[in-house]
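Residue numbers (UniProt numbering), protein chains in the order written: chain A, 1 to 278; chain B, 1 to 278.
There's no promise every hint is true.
Given that identical chains are not distinguished, each listed pair holds provided it fits within a single copy or across any two copies.
[Unchecked claim] Below, a list of computed lysine-lysine pairs in the BS3-like style, where the Cα atoms sit at most 30 Å apart:
no.	residue 1	residue 2
1	Lys-181	Lys-192
2	Lys-190	Lys-112
3	Lys-112	Lys-192
4	Lys-112	Lys-181
Bear in mind the hints are in silico, worked out from the structure with no lab data behind them.
Computed from a prediction, not measured in an experiment: that's the story for all the values here.
Here are the chains, one letter per residue:
Protein chains: 2
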Amino acid sequence: MAMENFRQFAVALSAAFAFGIVSIVFVGIWVNHYRGGVGWDGGPAEFNWHPVLIVSGFIFLQGLAIVVYRLPWTWQYSKLTMKFIHAGLHLLAFIFAVIAMVAVFDFHNAAKIPNMYSLHSWLGLTALILYCLQLVLGVGMYLIPFTPASWRAAFMPLHVYSGLLLFGSVIAVALMGITEKLIFSLSNPKYKDSPPEAILVNVLGILLVVFGALILWIATRRPWKRPSEQILHTLHTNVGSDESGKVGPALSELSDGADAEPCEEVRRRSYRLDDQDN
Amino acid sequence: MAMENFRQFAVALSAAFAFGIVSIVFVGIWVNHYRGGVGWDGGPAEFNWHPVLIVSGFIFLQGLAIVVYRLPWTWQYSKLTMKFIHAGLHLLAFIFAVIAMVAVFDFHNAAKIPNMYSLHSWLGLTALILYCLQLVLGVGMYLIPFTPASWRAAFMPLHVYSGLLLFGSVIAVALMGITEKLIFSLSNPKYKDSPPEAILVNVLGILLVVFGALILWIATRRPWKRPSEQILHTLHTNVGSDESGKVGPALSELSDGADAEPCEEVRRRSYRLDDQDN
Chain A
1 MAMENFRQFA VALSAAFAFG IVSIVFVGIW VNHYRGGVGW DGGPAEFNWH PVLIVSGFIF
61 LQGLAIVVYR LPWTWQYSKL TMKFIHAGLH LLAFIFAVIA MVAVFDFHNA AKIPNMYSLH
121 SWLGLTALIL YCLQLVLGVG MYLIPFTPAS WRAAFMPLHV YSGLLLFGSV IAVALMGITE
181 KLIFSLSNPK YKDSPPEAIL VNVLGILLVV FGALILWIAT RRPWKRPSEQ ILHTLHTNVG
241 SDESGKVGPA LSELSDGADA EPCEEVRRRS YRLDDQDN
Chain B
1 MAMENFRQFA VALSAAFAFG IVSIVFVGIW VNHYRGGVGW DGGPAEFNWH PVLIVSGFIF
61 LQGLAIVVYR LPWTWQYSKL TMKFIHAGLH LLAFIFAVIA MVAVFDFHNA AKIPNMYSLH
121 SWLGLTALIL YCLQLVLGVG MYLIPFTPAS WRAAFMPLHV YSGLLLFGSV IAVALMGITE
181 KLIFSLSNPK YKDSPPEAIL VNVLGILLVV FGALILWIAT RRPWKRPSEQ ILHTLHTNVG
241 SDESGKVGPA LSELSDGADA EPCEEVRRRS YRLDDQDN
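Bound-form chain A, shown alone (with noise of 0.2 Å):
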């Protein structure tokens, strides 16, 4: 099934891996040039886990979780199936972010160095905990079979709305993590004294704020959303008793052109039957 602007699409998802890509790398450079690379030994090594886990798994997994339904190449398989790739996502994100706050705990405790006073711990652990209720009510509400329809649908806005909101301030805390660490690591040249370390993660903050503006635009383009599973439903339906038996084309053709009006609209009417708004 073809996708509305799906060129724009192809650039702004490239572009958001890209990015995503280009911030692991910048996040491995300045631990491991910089920082005396990672360990597990309560030290500073161990402390490094924490921006590498949380730009790897907490923003980037997080990232990729949120648009996994709009790629078209996935429209084929089952929303079940595609929920259980949106939740594994996530799952994998959430697990990344607790072993990035362990590693935090682990290297204050042996240094002795307060937990929980800044705001970035504030906010962290908050979004953290948040992330866990939305896991927890995600999976009760979409994976277990039994959950009505209605609650389902009525449910869908707060989902995607906290999904949203969540994914965007775990980007803010990271930049103020960003800022606090660069101020407490510099010394002798100073974070204002702007030596190369700054340099670096400054545009790493960047890096992080581009791809998550990128994630955003493209979870939030109505044309882009996966069809809801009727219209899915409808398109497999004629293919099967399709007398020429070419599937592809059969397939691209019902939402071009002439037929692109009343898909839409069937689209727009079906759009509360099932919780595809996400």
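Given chain A's structure and the hints, the job is docking chain B onto it.
Only chain B this time, still in chain A's reference frame:
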């Protein structure tokens, strides 16, 4: 014209307003009780204008500007009137933000502290420049009368997305600024010793996040959008020729009960015809 879920809207709006006002009170206490008040002398008192103007202007006024179309008691005014209020509040927020920047540059220059070295400064200045661009493009698109309606409609998704992204980003940048300021200005006891000032300002950060979350919730609820001009025009025309002459009840009846469904249909059909999606 009655609004869907008006009670929920009223609660969200009142809560947003309350969190905004309490944030301004908190920044006032911070600056006056702990940081020696405000002044315009190149010293710390001049710096203190920065958080005050950012919270009251770049965050609170910007938030109000974003939700101004949502207030149902303004739906009786022309769209043009509301556009001027929307643009005027954003312009005021922008002026507050510019003065806030000037205060910091003056303070840095007098104290021989480098400018523009931190991620906070990079993202803050970028947000201010993009906010200015958004303002200029918004006026050019929606207040200059001869801009084609097709351009207005095509640009609207980007206008809304950029506006909400900038609003969220400004709050994120403020949280980074809070982090910087508490680390730099607290010594003996330090930030990590959690003195009362640290707690107060951490709470201010949380208030700002809640304010932002409420504004974003209000702004993104579809049923709370200002109805299209066509619907409002139809209602006014109907009221004008109303035999009973009871303006109020006639207005509200039109969107209640049995009439709600067709009204929603009209709203949806006329969705792309004017620039009401803001």
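Status of each hint after checking the structure:
1. Lys-181 - Lys-192: both (13 Å within a copy, 13 Å between copies)
2. Lys-190 - Lys-112: Cα proximity of Lys-190 and Lys-112: in one copy and across copies (23 Å, 14 Å).
3. Lys-112 - Lys-192: both (27 Å within a copy, 11 Å between copies)
4. Lys-112 - Lys-181: The answer is both: 17 Å in one copy and 23 Å across copies each meet 30 Å.
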